[in-house]
Structures are given as structure tokens and as C-alpha cells.
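Please take these sequences and the hints and turn them into a complete structure.
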Amino acid sequence: HGFALAAYVVEEVVVITGALLSAAILWLSKQLRQRATLLGRIYYTQAAVQAVLCLFFLNYWNFIGFRFG
73 HGFALAAYVV EEVVVITGAL LSAAILWLSK QLRQRATLLG RIYYTQAAVQ
123 AVLCLFFLNY WNFIGFRFG
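End of the sequence shown = 141 in our numbering, gap-free, step of one.
These are computed hints drawn from the structure, not numbers from a lab.
By construction, the Cβ of each residue, glycine as well, lies at the ideal position given by its N, Cα and C atoms.
Restraint ranges, calculated between C-beta atoms of paired labels, are given here:
#: 1; residue 1: LEU98; residue 2: GLY74; range: 35 to 43 Å
#: 2; residue 1: TYR116; residue 2: PHE75; range: 28 to 36 Å
#: 3; residue 1: ALA95; residue 2: LEU127; range: 15 to 23 Å
#: 4; residue 1: GLN103; residue 2: LEU130; range: 30 to 38 Å
This is the structure we're talking about:
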């Protein structure tokens with residue numbers, strides 16, 4: 073179960089870091105008034121990556137629960 077706990081901690085860190093990055097990128101884009109430029113592309117790419125990671129970790133947790141629950 074230590075491995076499952078470690079996976080959970082990693083997942084939480086990824087989600088929190090992603091949220092902070094999203095907020096920082098949004099703030100920067102507002103400061104620079106360039107929403108459709110490179111920062112916008114970075115933001116949407118990062119948001120897409122976060123969504124994929126979230127789905128991956130949800131499936132991963134279901135798998136862990138199925139195996140060890």
C-alpha cells in the first residue's frame with residue numbers, strides 16, 4: 073500500500089502544480105494583453121496535458137483499487 077500512497081501523493085502534486093501553472097500563465101497573459109499568442113498556446117497545451125493526466129490517474133486509481141482493494 074506504500075506504493076499506492078506514493079502514487080496518490082505524486083498525483084496530488086501534479087494536479088496542484090498544474091493548477092498553479094494555469095493560474096500563473098493566465099495572470100501573465102492578462103498582464104501582457106496577448107491572449108492569442110504563444111502564452112495562450114502554452115496555456116491550452118498545458119490544460120490539455122492536465123486533462124489527459126487527470127484521466128490517466130483516475131484510470132490508474134481504478135486499476136490499483138481493483139488489484140489491491
